[in-house]
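Asker: Sequence:
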Amino acid sequence: MSLSPLPSLRLEPHGPSELTKTKSRAQHSYPSKVLLKTGGRKAGTVHPDGKLLLLSMTADQEARAKTPEARGSRPQSLSPEDIEEWKKARRREQCRINQANYRRRQRQLAAAGALRLSTSLTTDQKTALEMAVGARAFVPPGKGFDKEEQALPPVKTIDLEAEELKKARRREQCRINQANYRKRKRENENRQTFLAEIERLDQEIEQLETYKKTRQQHKHRADPGQAIRNFYHSLKLDPKLPDAKTYQETFGYSPALQWLLDLQREEFDSIESLKLHWLWYRTQFREFKYSVRSFERLVAGEHVVISIKGVLRLDVYCDAQQRGNTKASSYGAIVCPVLQQFEFEAGDQVVKRITSEVDIVGGVMASQGQSGLGRALNALHCLSEGFSISNQSLTS
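Residue numbering for the sequence shown is 248 to 643, as defined by the numbering used here.
Just so you know, nobody snuck in bad clues.
Simulated pairs of lysine-lysine, PhoX-like, Cα-Cα distance not exceeding 25 Å:
no., residue 1, residue 2
1, K536, K487
2, K556, K536
3, K373, K413
4, K556, K599
5, K522, K536
6, K556, K483
7, K599, K459
8, K373, K414
9, K556, K522
10, K522, K492
11, K483, K536
12, K487, K522
13, K522, K483
14, K599, K522
15, K460, K599
Label pairs and their in silico Cβ distance ranges:
no., residue 1, residue 2, range
16, Q353, I330, 31 to 37 Å
17, L488, S541, 28 to 34 Å
18, Y500, S538, 25 to 31 Å
19, G472, N625, 40 to 46 Å
20, I445, S541, 50 to 56 Å
21, I445, H480, 50 to 56 Å
22, L455, R476, 29 to 35 Å
23, S481, E632, 28 to 34 Å
24, R422, I452, 42 to 48 Å
25, Q588, L455, 28 to 34 Å
26, K373, I344, 25 to 31 Å
27, E496, T530, 17 to 23 Å
Just so you know, these hints were derived from the structure itself, not from any lab. Yeah, the Cβ is synthetic: ideal placement off N, Cα and C, and Gly gets one too.
Start from the sequences, fold in the hints, and give me the full structure.
Answerer: Right, dumping it as structure tokens:
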């Protein structure tokens, strides 16, 4: 902006009225700031040479400043003193603008200082707050502050960017900690599952080893099926039996049959006991022959039952003195149905219980035919009496 000097005025001796009129015309023509200088003195003073220099920024100069030549350029037609004065005027104007901007920012910061930065703020709002806080560091210290403004305490601002960064770091660390916790929890659960599976497998291995040892021990034992077959095969032979009196003294009882009807149901705890008794029974009857008709194996859980059905042919001596004589008189042979059951455990080859049932009544009735119930009972009574008499004579 170039400032051209106005024509100097000479003071004539015709009086002060001419100077007063000239000053009033100058003030009317230049309503803005007017600076009257005479060699560095203030307006209103008279230079020794009588020259006045009027410098101002008038509407004419503003219009002239719009031209490309004057816009943004330094005055070219002024003296060094005028240029220095022009620079001071620019600095004062810039200082005024900076002070106004600073006060506006102070008011904004005072209003923003009470706000709390939260995640509900938009991105634009966060950016504006951060820029307002960060711009305060670049505000130059102004001159000529008002006394009231200088008396106010400095506004305590919050470093929102640093605070937000701390919160972001805490959130990220919290997320990492939670992820690590969940990972450790999954690993712990998997470890517990693996340990439980290993424990279960160890128990199964122990059970298998126990079962294997049991099977190996059972291999040395006799097969119950084979023992049963040996029993029925021995009934066809004539093995040597122990003495009745010696056996009774040793074990406290006699294996001989005491009453005929005792043969209807008997229980034994082993195949050896059954074999001993039935081989002894053969010596008490004139005829004692057993024949197997059917064989059945039943499995109920861990229990195994072998059922064998057959028939037993019996005949009693009429005279005990003729015992052993096949041609001696007798009451007549009867054929009785027989059911024998052998019970044992599936994993154990040892027989636990043996039941033997001989249907003597059914055999007597079948031998009498259609003679009637009375005659069948009479025949059963005679047969029982004859066995008792024969057995008493044998034991005596």
